[in-house]
Amino acid sequence: MQLALVHTRYQFLEAIRLPIVIVGNMVFPTVILLLFIVPIEEIRASPIAATTASAQIAVFAVMSTCLFTFGVGVAEDRALPWDSYLRTLPAGPGPRLAGRVLAGMTFALLGLLPVILIAALLTAATVTPVQFVAGLGVLVAGALPFLLGGFAIGYSMPSKAAIAVAQVLLLPLAFGGGLLIPPGSFPGWLDALSTWLPTRGSRDLLVYVVTGEAPRMLALVALAGWIVVTAVLAGWAYQRDEGRRFR
Amino acid sequence: MTAVLARAVDVSRRYGTTVALDEVNLDVPAGSLLGLLGPNGAGKSTLLNLLTGLRRPTSGRVELFGRSPTDAAARRSLGMTPQETGVPQTLRVGEVVDFVARHHPDPVATPELLERFGLGGLERKQSGGLSGGQKRRLVVALAFVGRPRLVVLDEPTTGLDVESRRALWQAVRDYHRDGGTVLLTSHYLEEVEALAQRVVVIGSGRVLADGDLSEVRGIVARSVVSMRAAAPPDLPGIVRVHRDGDRIELQTTDADALVRDLVRSGVEFRDLQVAPSSLEEAFLTLTDGSRADRQPATTRT
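Chains A and B are the protein sequences, given in the same order. Terminal number for the first sequence in the working numbering: 247, no gaps in between. Terminal number for the second sequence in the working numbering: 301, no gaps in between.
Since the hints were made in silico from the structure, they are not lab data. Incorrect hints may have been included.
Here are some, though not all, of the chain B residues that point toward chain A, as calculated from beta-carbon distances under 10 Å [to be verified]:
(1) 52
(2) 86
(3) 96
(4) 99
(5) 132
(6) 133
(7) 146
(8) 152
Examples of chain A residues lying across from chain B (beta carbon under 8 Å, computed) [what the hints assert, rightly or not]:
(9) 3
(10) 84
(11) 85
(12) 90
(13) 92
Virtual Cβ for every residue (Gly too), placed ideally from N, Cα, C.
Sequences are here, hints too, so could you generate the full structure?
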């Protein structure tokens, strides 16, 4: 446990010495919020619509941080001699993984700060303190398939492939899960497809907690299924990993 | 009978269709200073990766302190260096050492360790800002943080200036004198000569020789006698002949005897040169020869 904190601290130190990485996490969701939500009167002025839209973007921001820090970050680290060296230290994979998750999730939540501020100050979005805290918890839980999926990507492929896969997954998952346009406006076939995506489950859960909109049960079941599937994939990728191989 | 700290038994490792190690046996007894000598690509690093738990053998068995090296507890008394100079560039020197120290129950105090490796006063410097030699000394120092019983050094002084190299050698000797066990790889015969008591020669994934320094020196220390002449002379002691136009290179284990014979034979020659042959050149003949005879050569030729 203490070692996990040591690893967290060093992940932090490394990231903080390159602050642009943290700022980068904040920019994209902020821009979406400013360009596509704030200028549209019907969304900005309606407490329900603005809260829903902000929650959707929060899920998007956390998913993107997970896929990139865990997917691409792990793949990049694996190619470094330092990572091989760490695996010769007398500690199992636990502390290092825990350090990664703690640091990564903290950065993901830090990335949400501008989203929360803009939603609170520039739109009619509103939550009670209880909803806010519950929302953060649900956000972290709903991020599990992306966190585990990120690990599966990072431990199974070289960094250039990981970047490509993360980028290919990001937008379809975001759009299909109703993070950019609310699923209420989807045509029937897209709504049905959307239900099976992990992003839809995370979105429905968070929107339920902050606005009370009933989640689709099937989407929640699918989310649980995705958590299991990505956990198995991540475990498999980690097991077979022996550092980066060059042929 | 002294304890064996690390052991490989009939170990093979393949990457796809490439055989990196082919039924290798190795014992590292407590208190020894063992050098693994071989050209680049011989399989030295693969063997170290197996012994330190980074990779698993395709077949055979590896042990570290009597356990599987992939078991974290087996690595408690192991000291290893990162390859190349790969420490995180943005971390300060003191932070890197502290980080590694936190993994060990009784680490050497950071200032003391840095002092011992000539890095005193650099604690606050970001490791990316160190010179090449300082980085190299830092990574080797990391192997000694946890007061290990076995230290594994992969090419410890590659790319170092003479002074840093001698300082590092001294640190390794001091550690060994105080009872430590060292397994080091090198593709410099000079480095292995300066440090090791026992030498294991690896080529093309196989153990070619395993013996004390003088035995192994006799096998891999070759000279190249080159000259301009019409035809290669037919003399004893020539292990390999290479022709480039009228330039003839003769690889030999005894350059003195060959030159004496050459002069006595009365053959016409010009531009005589004698140079030590590189380990790579010496290995060309060794690996050729060993294909016919699979027994490791342990006697002086």
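Hint check:
At a threshold of 10 Å, the smallest CB-CB gap from residue 52/B to chain A is about 5 Å, leaving the interface hint in force. Look at residue 86/B: its Cβ gets to within about 3 Å of chain A, closer than 10 Å, so that hint holds up. Because the closest C-beta pair between residue 96/B and chain A is about 9 Å apart, less than 10 Å, the hint holds. Taking 10 Å as the C-beta cut-off, the interface hint given for residue 99/B holds, the closest approach to chain A being about 5 Å.
Restraint check, residue 132/B versus chain A: the minimum CB separation of about 15 Å is more than 10 Å; hint violated. Because the beta carbon of residue 133/B sits about 17 Å from the nearest beta carbon in chain A, more than 10 Å, this interface hint is broken. With 10 Å as the threshold, the beta carbon of residue 146/B comes within range of chain A, its nearest partner Cβ sitting at about 8 Å, so the hint holds. A least Cβ separation of about 8 Å between residue 152/B and chain A falls short of the 10 Å threshold, and the interface hint therefore holds.
About 7 Å separates the beta-carbon of residue 3/A from the nearest beta-carbon of chain B, less than 8 Å, and the hint is met. Taking 8 Å as the C-beta contact cut-off toward chain B, the hint placing residue 84/A at the interface holds, the least distance being around 6 Å. Interface restraint check for residue 85/A: the shortest CB-CB distance to chain B comes to about 4 Å, inside 8 Å, so the restraint holds. The beta carbon of residue 90/A is positioned within 8 Å of a beta carbon in chain B (closest approach about 4 Å), and the interface hint is therefore held.
Satisfaction of the interface hint for residue 92/A is found here, the shortest Cβ-Cβ separation to chain B being roughly 4 Å, below the 8 Å cut-off.
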